[in-house]
Each structure stands twice: as structure tokens, then as C-alpha cells.
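Order-wise, the sequence lines are chains B and H.
Per the numbering used here, the very first residue in the first sequence carries number 41; after that it's consecutive.
Per the numbering used here, the very first residue in the second sequence carries number 191; after that it's consecutive.
Simulated from the structure, these hints should not be mistaken for laboratory data.
Heads up, some of the hints might be wrong.
Stated by the list, open to error - Per label pair, the in silico range of CB-to-CB distance: (1) B/Arg76 with H/Pro320: 37 to 47 Å; (2) H/Ala221 with B/Phe426: 24 to 34 Å; (3) H/Glu428 with B/Ala522: 37 to 47 Å; (4) B/Arg479 with H/Arg325: 57 to 67 Å; (5) B/Val416 with H/Gly349: 43 to 53 Å; (6) H/Ala220 with B/Ala522: 26 to 36 Å; (7) B/Val50 with H/Ser230: 22 to 32 Å; (8) H/Gln431 with B/Ala522: 48 to 58 Å; (9) B/Val50 with H/Asp380: 30 to 40 Å; (10) B/Arg479 with H/Ser261: 52 to 62 Å; (11) B/Val416 with H/Arg396: 52 to 62 Å; (12) H/Ala221 with B/Val416: 14 to 24 Å; (13) H/Val272 with B/Arg61: 57 to 67 Å.
Even glycine gets a Cβ: it sits at the ideal position worked out from N, Cα and C.
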Amino acid sequence: MNKPAGKPLVVRDQVRLSPLRCLALTLAGIRFRLFRSLVTVAILALAVTFLAHGLSHTLIAHETRLLAFNELRHLREIGEWVARLRAPDPRGAVLARLASAEQPYVAEYRRWAGATAAEAAAAEKAARRLAELAEHLDALPEASRVILLGGREALDVLRKLADPKALKDFGDRSREMALPEPPGGLDALGRFAAGPLPKLVAYTDRVQAGHQAAVGKVTRTLGPRTPVQWFAAAADVRATLTAAGFHVDDPAVRRLRAAAEHELALAHVGAAMEDAGVAKALVRRLNVEPKELHVETVLAWLRSGGRADWLAGLIAPHCPADTAAPSGELLLAATRRFHRQGRLNQVVGAELPTARGGLFDLPTGTRWLMVLSFLVCAVGVTNAMFMSVTERFTEIATMKCLGALDGFLMLMFLFESALQGLLGSAIGIVLGVLVATGRGLASFGTMVFPAMPLLDLLKCAGLSLAAGLVLAVLAAVGPAGAVARLAPMEAMRID
Amino acid sequence: MAEADADTQAHERAVIIRTLNVEKRYGRGAATVYALRGVSAAIYRGELIAVLGPSGSGKTTFFNMIGALDSPTAGRVLIDEVDVAQLSAVELAFLRCRKIGYIFQTYNLIRYMTALENVTVPMTFAGVPPERARRRGMELLELVGLADRWTHRPIEMSGGQQQRVAIARSLCNNPTILLADEPTGNLDLDTGQQILGILQRINKQRGVTIICASHDHRLLDISDRIMWIRSGAVERVERRQDVTVKVGRIGGTR
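My request is simple: use the sequences and hints to build the entire structure.
What follows is the structure in C-alpha cells.
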């Protein structure tokens, strides 16, 4: 036995490696497992694509429809003017505009009612309260609403409540059916019905009377002309309307004039088509069955200047003598407006879009879709990271056997998952926005580009990036840390 | 007479690893499986001890316990008279990294690293500068005869070559204790002889305590003591002198 006595065993603290060293090791590791790493990144990218696509498509679609809706409102302006020059706004419209303080209507109303600023403000406040109460009544269960209102308008029901007996009766019946209290309570409701409400009704009556007088003034100026003819030809449109108390500015007058000209031009085409000779010529030129010949058919065909000039020449002899026959250019412009309006109608769809207050101030259904796409993304990212970490439990255990610190192992997985998360999210965002834009293009055409909400898309991108990154890191570091804290051989057994 | 002799000698020498009634159970209730049922053993500083036993007898579990790689269900493991359970995570990492070298039965190489990188991992954890770690790693690979294969991944190597990488790795931080689980199990006669030579040399020259599970009779030849484990308990411990006679009689290969 001539062996040395053996080395003494001294236990100290293990050195902590710098994060930079850890990063270098992590990068080397990623390089060795490049393919597997890329697969994880691809799955992450896919999940984030889903989220980014969901978010940005919703925004793009909404903004495009909003833009189309606003343009459509300008195109339809002339229709609204024609209606407003024929009869006063109905009481419902007046109340709604007062409640939402929609300019320039409230200013017009104040002029027509001849009201002071205080009176106008009181009316707006009362209208808001009325809208709130009407909403409350509207939200009641169907059966209770029928019993309580008896099919009458909310306004009529509320006006009756000025009578204390009716109010008590209303309250009793509400209690019997265990209905929620009206906002502000029953007493406040009674006070509102007795005071502000009659004043509001009187205000709307004054508005309507004033509007009627304004209609009378304008009608006298019009003489035998229709409003459309007047808009198209007269020079005194702005002065006359302003004098009658309407709000109108020069751009609006110009838009009205163009719209009126186009409408008249199309009316000329329609009138001329009544003539057998014109109809026959059109049937020949368009190569359609005589019974398929409508104004719409002609407008669908009217796509070039040459055709427009030909049509202008065809209908010129059939126009009334006192009006100028439309030129080919005008016909083409009128046709464009017609098609544009049809296209915009398609884009806007059945439900009217409203301007968003915040990033996600969207209809509930749409918001649910966004939440859903977030959940799908979360599950995808978490699963991808779980998979890639679980298959490395043995590696974690081995490294621990060889003296790796728990913190080092966690940091390694933090770096790796952060890198993968960043890369995957970035790719996913680009893909997602591209897909969303493509979908927008497919359903709305080029209208998506002017409507592109760039700032909000950027916010969505940030959100998607944060979601992808945070989820990836949590899903990787969580299990990795849990395993790293075990004794090495216990970790080895987990597989 | 011989036993008494061994005892006196044992008392003179310092104990480096001592286990006190170490138990390891897996599962609970009726399904409980005992891997170790109360092992009390002492391993002396600087000795080369062979651990023998049929497969499933708890050798590997015993190795994991004394290597501070797993925690016993009951009982205590003392390394250099310090209870392993009382060491902090950071101290345990230090112990595993620099004081104990492991040669696993399943090698446990890191799949995606080359032979050289596998060898240098413990040095990296010990904070050795990369350049020095590489040099030392190449030396060790040369020692086990794999210098020309340093760029190969585990998947590109045979079982025996992987085993030799694992041996090189276990030696890289000059451990005080070497735990070798079947270190020659996958090696041919010559290479096995070489590896045993290396083990014997570091045991003799540097005084490294080597605990080795093996059925290789050549190992029994060079070991100081032999420990038999059966069904999770120490059956007997004998000095080599007392055993060689038996081996000679039964195997008769030498």
C-alpha cells in the first residue's frame, strides 16, 4: 500500500458563468440543433401568423368599410338633401341627433327653433336622458315590455308618467314583474317626465315648424324645378339654403352640383331609351336581347370614352329642348359614380360600421374572434415550446450532473426561447399582415390601401410580438426551470 | 485473521464516502419498489473499490446516491463527512462539477455536441477558459485513443467510442472521486485493458478514489476491495487478497 493518502475534498460554491458565456453556449447549441430549432420557430411563426392575421384582418376590414361608408355618405348626400327640402326631419331623427349632438344638425335645429344656447343645451341633455331610458326599456324582457308599454313608443309611455298615478302604476307593475329599476330610479323618472321631457317635445315641435318654414322658403325659390334640377343648374344654391337656415358649405355645394348633373344625365339616358329607335340601336350595339335592355345593362357596358360619346350622340336628339344634352364625358362620369356607389355598397355590407374609439373598440362578435385567435396562438406557441423543452429533459439532467447551475440552465432556455420567440413572432407578423392584406384585397379590392390603418397595425404587430415572445419564454423557462430544480437523476427519469 | 487485518487498516484510513441506512423507494403503498433497502457502507479515501451484483440489484441507484445525483428516501449520504442533503444547490453543482467524475452506464453524452465539446462541458461549467479547455479536452481524447475523432457526434460513434468519450469527460476536472458504472462494458479486450490501466494509474498516482461497478475480472484484480450488492443491500465486502484465490479457482483465466 504505497498509495498517496488521497486528495482532500473541499466543497466551495460553483462559479457562476457570465450571461454572455451562457448566450455563446446557447447560440452554439442552436447551431448544432439548427433544424429542430427552425421547426420550433416555424410552428411559433404559424401560431403568431394566426393571431396577427386575426387582429390585422379585423382592423383592415373595419377601416375599409368605414372609409367606404363615409364616401358613400357623400355620394348619397343628394338624396338626403332632396328629402330635407321636401319635409321637416321626423321627430325620431331630431331626437337622435340631439342625443348624439351631431353637427351640423343641432346648430340648424337651434336656428329653426330660435332657441338660446341654454335652451339648446337643456334639450340635448334631455334627449340624452330620453335615449338612455329608451335603451333601458328596450332591454327589458319581451313579455314585460309588451305589458308595460302596450306596443307604444317609449316617448309616449314616458310622457304619460308625468302623472303621479300613472308613475305609481308603472312602478307597481315593474315591481310585480321584478324588473330592474330604470336608471336614476323611479322618482327621477317621474321628475324627468314632468319637467324636461315636455320641454324637449316642445323644442322638437319648434324645430320641425322652423324646418317646415325653411322648406317653404326654398320651395318658393325653386319654382317649377325639382331640387335636383335646381342643384345642377342654379347659382344661388348656397345663398338660398343658408338664408333658410340650412348649414351648407362650398365643397358640399360642388358635390351636390356634380351629383345632380350625373343624376340628370342618367335620367336622360333612361328617358331616351323609351324611344324605340334608341332602344333598337342599343340592342344592336350591346348585342343583348331586347327584354334584357335596362339602364343597368347600358351602364355596365358603358366603360370607355368612345362608347360614351356614341351614346351621347344617340340620345341627344331625344333630350327635352330646354335642357342641354349630356356630353359623353358627363355620361362616363355619371356611370363611374353609379358603379362606384354599387361597389361601396358591397364593401360596406349590411351592418353599418361606426368609428372606433380605441384599438379594440369593435363589435362584440369581432372581439370574440380576436380573443379566439389569441387563444389558438397561445396554445400553438405553448405546445411548440413544451415539445422542444420536454425532449431536452435528459440534456438538462446531464448538464446538471456535470455541474451546471439551475440559474444557468434556466438562462440558457430563456435565451433560446426568446430568440425563437422573437424570430417566430417577427415572421408570423409579416405573414399575418400579408395574409390579412391579401384577404382584404380579395374581398374589398384596392380600397384596402387608402384605408390601411398603419398605426393600429403597428400596435397589433407589437401586441402579437409581445404575446409570442412572452408565451414562448414562459412555456420554455417554466418546465425547464422546474426540471432543473430536481435532483439530476430524478429529472432523468421524467421522460 | 485476514478480516481483522483489513479492519485495522480500514480504521487507519479516512472515510471519503459513508452511507448510513440509505433507502430508495419508488412508488407508494402496495406498489412500492425498493431499489435500496438500508445500505450502510464506507468507502476509504484513495481506494479502488469494485461493486458487484446482478443486474437490478441497485448498483446504479447506489452510485447515484453516493454521487449526489439523487436524494435518498431515507438515510444519509456523507461525502467527506458532510451530509449531502445539507449542501446548497450551488455547492452541489461545485461538487458534481469538480470533485466527482461520473462515467454513466448509458454514457449520457449530449447528442448534438461533438466528442471534444462533450469532454469540455464540465470545464466550461467550472469556468475554465475555452482555449485551455480545448487543449485539455484534446489531451484527454488522446489518452482514451479518440484524438482523431474529436469532431464526431455521439450518433456517429460506436458504443465503445462513446464510452471512452464519457471516460474522458469524467476526468477533465481532475476529480477526487470517480464513479464508474461499467466503464469497460462495451470495450474490446485491448481498449478495456487500456482504460483499466488509466483508472489504475490515476488511482495510484493521484490518489483518486475510484468506485467501479463491473464484472470485468481484470478490474477485480486491480481493485483494493470488492463490494457485493444483492437486492438493494450490501451482501458482503471483501479485500482483494481474499477473493483472488476464488477467482483463480473458478475462472482460471489467469
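Right, here's what the structure says about each hint:
no. : hint                               : result
1   : B/Arg76 with H/Pro320: 37 to 47 Å  : violated, 25 Å
2   : H/Ala221 with B/Phe426: 24 to 34 Å : holds, 28 Å
3   : H/Glu428 with B/Ala522: 37 to 47 Å : holds, 44 Å
4   : B/Arg479 with H/Arg325: 57 to 67 Å : holds, 59 Å
5   : B/Val416 with H/Gly349: 43 to 53 Å : holds, 45 Å
6   : H/Ala220 with B/Ala522: 26 to 36 Å : holds, 29 Å
7   : B/Val50 with H/Ser230: 22 to 32 Å  : holds, 25 Å
8   : H/Gln431 with B/Ala522: 48 to 58 Å : holds, 50 Å
9   : B/Val50 with H/Asp380: 30 to 40 Å  : holds, 38 Å
10  : B/Arg479 with H/Ser261: 52 to 62 Å : holds, 57 Å
11  : B/Val416 with H/Arg396: 52 to 62 Å : holds, 60 Å
12  : H/Ala221 with B/Val416: 14 to 24 Å : violated, 40 Å
13  : H/Val272 with B/Arg61: 57 to 67 Å  : violated, 29 Å
Of the numbered hints listed earlier, those contradicted by the structure are 1, 12 and 13.
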